[in-house]
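S.K.: Residues per chain, in single letters:
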Amino acid sequence: MDTTSQYRKRWSWDRVTWGTHCLNCLATCSYRVYSREGKVAFEEQGGTIGEIESGVPDFNPLGCQKGSAWSLQLDGEDRVTKPLRRVGERGSGKWEEITWDEALVEIADSIIDAIDEDGPESVVFEESVEGGLMAQSPFLRLASLIGAVTLDAQGLVNDLPIGQHITFGKFSCASTVDDSFHSEVLLLWHANPAYTSIPYFHYISEARYRGAKVVSIAPDYNASCVNADMYVPVKPGSDAALALSICQVLLQEGKEDQDFVKSQTDLPLLVRSDNLRFLRERDLVKGGSEEHFYFWDKTAGVIEVPRSTLDLGEIDPELHGPFKVTLADNSEIEVITVLDLIEKRLLDYTPDLASAICGVSPETIKELALIIAGNKTKIIEGFNAPKYFHGDLMERSMCLLLALTGNWGKPGTGIQGLALAGLDGYLLFSMKTKQGVEETARLLDGIDASMEQLRQRDPEATDEMLGNQLLTLSTSAGTSAPPVFFNYNHVGYKESWNNAAWQEPTMTKSFSSYMEDALRRGWWGGVARPSAGMAPRVFFTVGTNPMRRARGGKRAILETLWPKLEKIVAVDIRMSSTALYADIVLPAAMQYERVNVQYPITHTLHLAFSDKAVEPKGEARTEWEIFSALANKISERSVERDIVEFTDGRRQSRRLDTVGDSYTIGGAFPNDESVIDEWIRDSSDAGTLPPGTSVETLRSKGTIRFTGLGVFAPGLSVATDVKKDKVLTAFQWHVDKKLPFPTLTKRAQFYIDHPWFMDADEALPRHKDNPKMGGDYPFVLTSGHSRWTVHAVSMGNSAVLSTHRGQPLVVMGAKDALELNIGEGTKVKVFNDHGSFVAMVKVAPRVRPNQLIIYNGFEPHMFEGWNGSNEVEPGMVKWLHLVGKYGHLRYLPFGWQPVPSDRSVSVGIMPVPDSQGIEESS
Amino acid sequence: MFTFSLSGLEIKASDSGPSEVEENETTARSAVYMVLGSFFAPPGDSHFDKAVNDHWDKEMTEAASLLPFEFDTGHPTIDEATSKEAYIGEYDRLFNSGERLNLLVASQYSSDPENLLAQVKRDYEYFGLGGSESSERPIDHLASECDFLQYLCFKEAASPSPRLAGSYRRAQRDFLERHLINWVPDIVAKVTPLNPIKPYDWALSRLDDFIKADYAYIKALLGG
Amino acid sequence: MTTTEEKSVSELHGQVAMVFDLNKCMGCQTCSIACKVLWTGEQGEEHQWWMTTNTQPGLGTPKGWEDMGGGIKNGVLQPGHQPTRAEFGGGWDFNYNEVFYGGKGREVHLQPTDKGDGTTRWGMNWDEDQGAGEYPNSYYFYLPRLCNHCTNPVCVSACPSGAMYKRSEDGAVLRDEEICQGARFCMEACPYKKIYFNYARDVAQHCILCFPRLEVGVAPACARQCPGRLVFVGLKDDKNSPIYKLVNEWKVALPLHPEFGTEPNIYYIPPLSPYRLNEDMSIDEETPRIPPEYLESLFGEGVHGALDTLKSELANVRSGGTSELLETLIVYKWLDLFGPFTTDPSSLDRSPDSQAVTLGPTRR
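Protein chains in written order, with our numbering: chain A, 1 to 922; chain W, 1 to 224; chain S, 1 to 364.
In short, the hints are calculated from the structure, not lab data.
If you're wondering where the values come from, they're calculated on a predicted model, not measured in any experiment.
Check the hints yourself; a few may be wrong.
Claimed, not checked - Below 25 Å or equal to it, Euclidean Cα-Cα: the simulated SDA-like pairs (lysine to any residue) are:
#, chain 1, residue 1, chain 2, residue 2
1, S, K251, A, G211
2, A, K617, S, E98
3, S, K251, A, D229
4, A, K494, A, F831
5, A, K434, A, S674
Chain A on its own, in the form it takes in the complex:
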């Protein structure tokens, strides 16, 4: 065949299906998958999304290099294709292939043993963020049928914009990414969108061409700085000082948006000068409420803050005190406003003072204030801030900046949050006892009725607040538990968290004291599971990878948790580090080999569908198939072994023999397709997808835009309406409809008058130095996600590995390398009092002095001795996040909870001679 024909033939196919990769990248990229003779040949983005808002660039083509190489990974060398059982020590790499039936019997029996002897809370699952909804939900279904514990994904990965939550009572300021096109100022802050937001990045460059100023604020001159207008080099962990200083300049120059501040925030609220607590109704009236607060109105004096609306009506609150009020006991006290306190605080953050902390020049700080004031400003934030120990302070300060300048709830403004909303059918599914529309109506009517009941009890509550209350009710019988307790009791983090040398120096007592205090006060009642006395026995990781991800590395996971576990089951598409250490590895089908939907994220507001193009490789199965089979096996074995009835951790009686039947609702849901179709039809029926949508619609269109955000908390918390011909702008209900925020004060709250926060001097945001986590060493190790992989998923893709060095890299600055005699491309050891790892170094002038960078995603088994970068991360947790039952500081699934930090861990670095194996060099 001649050459031109040869090449033409390579670009041929006999089947086209839709595909999406369902990774935890916050993208919903729809690809066409081209197959030939039963094998996937290649993929290419569909590019079929029509214009949403006139005058705003369309989404096409989405995609990234990882998705575009997915087809190569179906035959990746790290794929698991048969059930495996270890025959050597855990992690020895010695396996035997077993049949599915053998695997399921063994796992079922271990679950039955655990339930019988200790109760179902000794069976623990890590919740997952990876793999699409058909990977993330089947094991949850089994867990809830047997009363197991599922560790809240947020507490495992930590993508919790915790400072946003402290401020807004939520972190769902999640406009669609094309909303950025309306911005006049884009602050890339705690984010590296050139690496992590590849499908959406063009909106930043397009906004720039439209006239927006793009400012990248980062310690190192990262890839997102390359196409920015300004690079603001900030010392790692000092962003609060920077943000507060910009606030200081704005206030000093009178550039704040007073109307916005008065209606949206707690800045005009009155605070008692004597005890620095909010003035509350119970201060003024005997037996009064703890949750009613006050303004000082220009004419009427002390007046209660409206609780059911942000609309002030005739009220014109003073922004500055002091004033005098008479208490219930007739004594007179002075009160001031929150803004008074903020301005006092900001005296510590004048440009000169702040500059000494954050390293940004005073001129630049003033320049930033000038740029931002009066301009539609959006902070494009990633999930970097939460991973700083004091990330909450940084985010709170950033939110204050937006508050002072009126920058949320309008197109082109806000701070990029996270919201998964719109697929109401997915949330309904776990409550269904029958398939079909009647059951859907029953549940939705029931939710309406429940909301109405709650509304009777709390007439001032918005739908969003009621939705949160419903969610809280569900947690009391659900499986989700914040992992902080599991980690403290069973994974040995207690020791690290009590290590004063690594902790925040201003803590007044040990971490354990705070923990015990929080539990005693009932702040985590019902969700601190499994209890300290309940050692875990059976552990499932379904597409999660604690061996790689868990800060604390081997010390925590391998040395403390692992020995307690009788059975460790890993379900994955690939041999991850965790699978290497598991007892049984079950092969999961990959995208293109199964049907699936990506989680519904408001970044695009599109539901992306992935079709089955080819059969799963080897004996791989979908998670629905695996867990429904396991459910049946549990039922079968329970009958054979006569262990049928049991009591769960909440003292409810349950049965094991019905688990299989319940799982598929009597066979009504035999496979993935039937489940997805139900979700989609129910969502369409609930009005969040277009009328008449079914899985067939998705099969032919690949992607479809949501028509609503739904009736549940996540959708309601975005606080906006979906409009067919407009980008989605979050928080419009607060600004346009003046609906209150789900916080204690019902406003964006900058003053947290909880005693613990006050003791820590964090009632208001401020800067605090990073604790010396890991010891006293000269470097800080920052991190982030790379462009090369989403978590570790692409580490088996030879093409993608070739686009970097295919191995772990520590990036360091040129000056530091020179001083330490470290040559480019040589081996280095990074170490602290917690642990160490060895990797190749990449020397780059873009890295700040005293900064080291290691990008997230490299598997420990890619490092010598399998010591991954998490070996130097103690995984410290901030004690203030143990606060509960203070307004909005209470647990919600995937929400407020203590989370592990890893940024700016304290480390040293030294060259090592070229060594193989696990010997330590001196």
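Please arrange chains W and S on chain A, whose structure you already have, making use of the hints.
M.R.: Just chains W and S, lined up with the frame of chain A:
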């Protein structure tokens, strides 16, 4: 938020439906679909008897009496000369002979019949019309699809919950739009040149008119 | 109505050109991967990357290619170095089996296998994000590179066997692999070093301008898959195309290393960069971060005017004005990037035995 389960939320059972369903425009529409469905089912002796005794006329007129839109029920007659064999044989002559096989089955008109069948099956299941596999005729037979519309209208009328009633109503529109409206004109086009005997000609033209009128009605009711 | 196939042949006579807007390139490598997955997955192609995106300043791939010679000066072919396998690097094998199933536990770890041929010390993007300068004034940007399908293709001139040719339909420079003897003079001659060698089949290979796609009205994979929406495709001489305007009217799109003499048909809009910082970390709005002489060394003296135009247009829109240039560069509708190549590939019949695949587009 990614994956939490609301399995812990307890939703109380709602009230059971009304004991009697009053007759109204929705039950009328249901009744017309029932008449059409029973006409297009494979005929037996009773089918012929009804033609001879004017019962098709009576049934259709009664059914259509409360319709909320204009609909000419027509006047089905039968030629005196038509024998029972000829009458019953006409069904196959028109719909299932020679090159025109199974003209009353929707998948015949589709480029992806397997897919269409799967869709119809799921539609029936989702809306609670179970046991469709056990029926003697394919689920995408015209009579079955008319029965489905009959069912959906009835369920709408009988729903205790306004929300559920709305679901059934939307289902009627969607099913008409995705199925009947698409392929019924094709039947009529293929069969009309064969000069169907009375009252088959009446049934075909009433079917065609009714689904168009009903679709327009239901679309307008749901706001376009 | 003519079919797209006919249109692509009969109406399309002309040089296909591309413009890369480097102000939008984030170095994601989707273009590189799109090409790789489609074209270089067969035997002997493992290390080949017809499309690459490198960090500039940098040694790129092959390592140090800018100093490897080749090209043409005053009508005379210049001597050039034939890049070695090690200079390209890459094509690594990994020891998955050993790590996962070798029973050696932590004694072994996953890494590129060293075959002693130097290929583990370089790769297609080894010096990614290193760049030059000194913190905080380090600078770098991304440069996607592919065969330039030059108007004066020295590879064709240098080819001793006549295997290489430039075709008139679209200006693609192609190689008849049945004629190619593996002499590799093309690799010496090409100053951009975008030609690879297939050691398994003894033929050279390089970017084919996605001609099977162009023939049926589909844009090249690198352009179409680019999530940055920065690759314009069109006919160089079509006065209505954005390409023409960017190159000839606004003069913001420039060839790479014009001094190589080959008249490349791939153009670049040069990168702006954030302000430099003074010693005290205050902003220096005067001194460009990327030294202008460096950009001139890449794109020729036209780069200064191009950057000035971009800056003044940006200043214009920032003060409330409008700019046709920037409106064009925004690319409101994705399909507007691709000129006449807007066909959706999924709409085509490309079954392996179809006419389109076996015979190509109908020829007059």
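S.K.: State for each hint whether it applies.
M.R.: Cross-check of the supplied hints:
Under the criterion of a C-alpha separation no larger than 25 Å, the hint pairing S:K251 with A:G211 is consistent with the structure, at around 21 Å. A hinted pair counts as satisfied when its Cα atoms are at most 25 Å apart, and A:K617 with S:E98 qualifies at roughly 21 Å. Straight-line distance between C-alpha atoms of S:K251 and A:D229 comes to about 22 Å, which keeps the hinted pair within the 25 Å bound. Between A:K494 and A:F831 the alpha-carbon distance is near 21 Å, which keeps this suggested pair within the 25 Å criterion.
Distance check on the hinted pair: A:K434 and A:S674 sit about 13 Å apart at the alpha-carbon level, within 25 Å; holds.
Checked against the numbered hints above, the structure violates none of them.
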